[in-house]
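Q: Heads up: the protein sequence lines correspond to chains A and B, in order. Counting with the working numbering, you get residues 1 to 763 for the letters of the first sequence. Counting with the working numbering, you get residues 1001 to 1232 for the letters of the second sequence.
In case anyone wonders, no lab produced these hints; they're calculated from the structure. The reader is advised that the hints may include incorrect statements.
[Said to hold, decoys possible] Quick look at which bits of chain A chain B covers, simulated, 3 or more residues with Cβ under 8 Å:
1. 168–177
2. 441–453
3. 560–572
Predicted model, so just to flag it, every value in this text is computed and none were measured. C-beta: ideal position from N, C-alpha, C; glycine also.
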Amino acid sequence: MTHYNLIDIKNLEASDAIDESQGFEALLKKHKLSSDEYQIIKKNLGRTPSYSELGVFSAMWSEHCSYKSSRPHLKKFPVTGEHVVVGPGENAGVVRVAGDQCVAFKMESHNHPSYIEPFHGAATGVGGILRDVFCMGARPIANLNCLRFGKKTHPRTPYLFKQAVKGIGDYGNCVGVPTVGGSIHFDATYDANCLVNAMSVGLIDANKIFKGFATGKGNYVVYLGSATGRDGVHGATMASDSFASQDQGEKSTIQVGDPFREKLLIEATLSVLEKGLVVGLQDMGAAGLTSSSVEMAGRAGNGILIDLSCIPVRTQNMTPYELLLSESQERMLMVIEPGKWPELKAELDQWELESCIIGIVTETGRFQCSFAGKLEVDLPVNILTDMAPIYERPFKEGRVGEPLDTKGIVSNVKERGVEAVILNMLKDIGDKTPIFRQYDQHIGTKTVFGPDEGGAPVLWLRDHEIANNGEEFAGIAIATACHERYCKNNPRTGAALALIQAARKIASRGGFGLGATDCLNFGNPQVPEVMWEFKECVEGLADACTRLNIPIVSGNVSLYNETDGVSIYPTPMLGVVGKVPDIRFVPASTVTKPVDLYLVSPSKVKPQFGGGLLGSTLSLDIYSGIVPEVDWEQVLEGLNFITTLARQQPGEALAVRDVGSGGLIITLLEMMRSPDLTLDVKMSQGALSWESVYFGEYAACFVIATTSSGATHKFLGASALKHNQIQKIGTMAENNAQEHNIDGVRLNKKQVLTHFQNALNFN
Amino acid sequence: MNKKIGIIRFPGSNCDRDMIDVLHDIYQVSSAIIDYRSTSIGSVAGVIVPGGFSYGDYLRAGALASHAPIMLELAQQAGKGLPVLGICNGFQILTEARLLPGTLLKNKTRQFICETVYLKVEKGSSLYHKSLGQACLNMPIAHGEGNYAIDDSGLKKLHDQGQILFKYASKSGVTSEEFNPNGSRANIAGITNKQGNVLGLMPHPERASYERLNTGVDGRVLLSSFLSLCAI
C-alpha cells in the first residue's frame, strides 16, 4: 500500500487490451458474459477492454448487480406510500414509525456461499445486511433469518443447517444485535440449493438518513475497514450462475467474516456520520470496490479516480483485477471533503480501524483506476450502471394445482390414522427453540416478544424523543413469510398469500404493515417455466401489496438457484415491518394458562389443501389440490377485526394466533406451551369433513385465546362482521387428563409434546 | 459525593449502551464511559464492566481485555473498596484479571445459550447477600463461555468465605445439575471477592429491568443493591 498522491492521468499508460485469440470463449464464459454482451461492451467503448475492465463488466453486468432478467418485472411493485421515506434503489428502505423515528430495513440472500461453506456463508450474509442498514446511518436493532434446507434425511442437510445456524449466531451475538425471529423449512426442493436470507432492521431519525452519493469534485474517496484479500473474488458472478453437483468443494470464492471488526465498523460509522464528517458512504458488498464506487458515482452523476496501489492488502502480489473484485468483508467506501480528513482519520483511529485515501471524485463521469503507472480501468459509469442489457426473458405458463376430491384425503388420513398424521405434521413444523437459544435475543433491551413464540417478534422503540410526543410505548412488529409450496402450486396466489401471512402475524400483535422488503429466490430464469413463476409471483405480490397497502421499499433477487438442471420452488421471501402503537397491550401468540378458545374464520370461503402441510405429510403431488382462495374483502375484514381486537386492554385477548400451515389443529397445538394444559375442542362442522375443518388452510383465519372469566365473550366489532364469523370452539384447561380431545379425535399429551420438541431431530 | 457510574468500554463491548439506558431510565443515574486505554478511572461512585465480546473473544473470552491499561487502575481502586460489577464478558474479564477467582470455560454443550434462568441467592456476608435475602431471581443469560471452573480448594474457600452470590436453580430454588445451563462448577452463576465489593455474574440484570420487555424486572433487585453499595 502506498500513500495517495493525486494522479495525473496524462502520465499513465493505457492498459493492455485483452487477447481475443486464444481461449477467449472460455474466458468470457468464466466471466459469465455472452458473446453478444461482449460485442455490446466493445461497441459502447469503441475499443477492446482490458482484462481488469472485463472483470468490472462481469461484476456490474452480472444478474446479481444488474437485475438484467428481473428488472422489467420489478417495476410492477408499488414502492410509495404514506409511511415510505426511502424506497428501493438505496442500500435499504426506510419507513416512518412514529414522529421522526423511522426504521431502515432490508432482506438479502446469501444462498450460493452458504451452500458451499455454510458457517462463513451465513455469517457474512448477516454482516452484509447489517452494513446495508447502518451505512444509511441507522443503528441496527434486530436481525431475522429465513432459512430453507433440503429434506431432513438428505445427507448434507444436518451439516448445512447446523453450520449456518452457528454462523448466524456467532456473527449476530458478537456484533451485539439481537436475532429476534425468522423461519426455517426443510423440503427436498432445497436438497442441492439451500437458502439463507438475512434481514436487518435499524432505527434512524428521518432527518439523518444518509445516502450513497459520490458528490463534490475533488472530494476524497476513503477506504475504511479490513484489508483486502483474495476472498470473494467473483462472488457476484457466482451468485449469478447455477451449480453442477460437483461444485460443492469450490471454496475459493467464499468470504470470511469478522464480527468483531464489524462491531467497530458500526460504532465508527455511526459516529462519523453523526459528526457530519462524511459526504457519501457505501458498503463494499457484492463486487466489492467496483460496485460501491461505480454505484456511488452513478447516483451523483460523477466520476471516480482510484489509485489501486493505495488499497490496504492482506496478501502479496494482488493484481488490479483482484483488488477491484475482492469481496473481503467489513469494508466501507466513503466520500469526504478534503478538509475533514484529519478529524475523520482521528475518529477512525479511536476505533482502531484502518482507513486511507484511495482516490478522488471527478467530473469526468468515468470510473478510472490506476495501478503501477497504467490506467487499468477507464470506463464511463453510465455504461456500467445503465447500459447492461435488460432481458425480457421468454416465459411459458407452467402447471398449477387442480381441485382435489376431499374424499380421497379423508380415506388417506384414515388409512394412516389421524393421530399418526398429526404427530408427523408436528414433527415437521415443531419447536425451534434449539435454534433460537443459540441467538442472543435480548441485547438492546427492546425485545417485547422474541422468536420463541412463533408469532411476529415485537420490539419497543424505547426512544425518548417520541416519548415526549405521547408515543412512549410505540413499537414495531416484524414478520417474515413465504410458503414455497403454495408458490409452486400457484405462483400468483402463493406470493399474495406470503404477504397476507406476514400481515396476519402483524395484525395478531395489534399492528399494521408499514412496508416490506422482498428477497426473491428463484431457479434459472432462462428456463421459460421458471421465468413464468417469477413473473407470476411478482404480479401476485404486487397486487397484494396494493390491496394491503404495504409497499415494497427494498429487496434483492437471487436467481439460478438450480443444480443439475433442477430449479428450487419459487421462494419469494418477505419481511414486513409493522407499527404497534402500544407495546403494553400486545397479545401473546402462545398460551400457558387456562383459556377459552374462539375461531375467527371466513363465513363463505372454503378451506383448501393445495400446497398445504397435510399434502406434504401424506406425500401428495405438489399440484394436488388448490391453494387457499384469496377473497380480499374477507381477508381485509379479518385483518382489521384482529388488529382492533389485539389492541384492546389486556384480558380481551390473551393470545392471538393466525391459522397457518397444517390448519387449525396444528395452530392450536403450537399455541399451547404448557404441559399441564389439555385441549378440548368441539365445533359445528356443517357439511365439511373433520379433515377439512382441522387440516384445511385459509388465507386469513385466526384463533383467539381469552381467560374464561366472562360468561360469553362479546368481542368488540364482532357483530359487524360480514365476511367472517366468530365462534367459541373450546378450551385449554388445566387438569390431569392424559389426552387432548379434538371433536372425538384423542391425542396423547405426552406424544404431542415429544413430537413437537423433536422437530429438529435428524434421526 | 460523586453520583456517576463508570462504564469501561473495550473494543467489542456491546452491553454498555443497554446499561447506560437502564441506569438513566430506571434510576436517573448518569454514567461515564471509561476508555480501555485510559489509565485513570476518574471520579465515579462505582464501575461496571459490561458484557460483550471484547477483542472478539480472541484467545479466550476476556483474556486480551484483562491486559488493557485501565485494568491496573481498576485493580488498585477495587483494592481500596470501589464497588465493581462485571456482567457476562465483564465477569470473564474480572476473572482473567484475577480480581475474582476461577475461570470461565466454554459451555458444556459447546453452544451459545440464550434463555432466562432462575438464580438462588446463597449465604454470605457481603452487602449483596444481605440486601437480596432469600430471593430466587429470574434473569436472562446469553453466553458461549459461562462454564465457571475452580479447583476444590478454591471452591471450598468460596463457600467458607461466603463469596458465592448466585447459583443456577429451579424456580423454587433447587440447585441441581438439571438446572445448570452451562456446566458451571457447583451451579455457580455469580461470585464476589472476599471483601464483597467486586461482583461478577453471567446473567444480565440490565436486560431484566424494563417491565415492558419479556425478560422481567428481577435484574433491578441486583442493580439496586449495586447502587446502594455505591452509596447512590
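Q: Decide, hint by hint, whether the structure agrees.
A: Each hint tested on the structure:
no., hint, in the structure
1, 168–177, "holds (count 6)"
2, 441–453, "holds (count 10)"
3, 560–572, "violated (count 0)"
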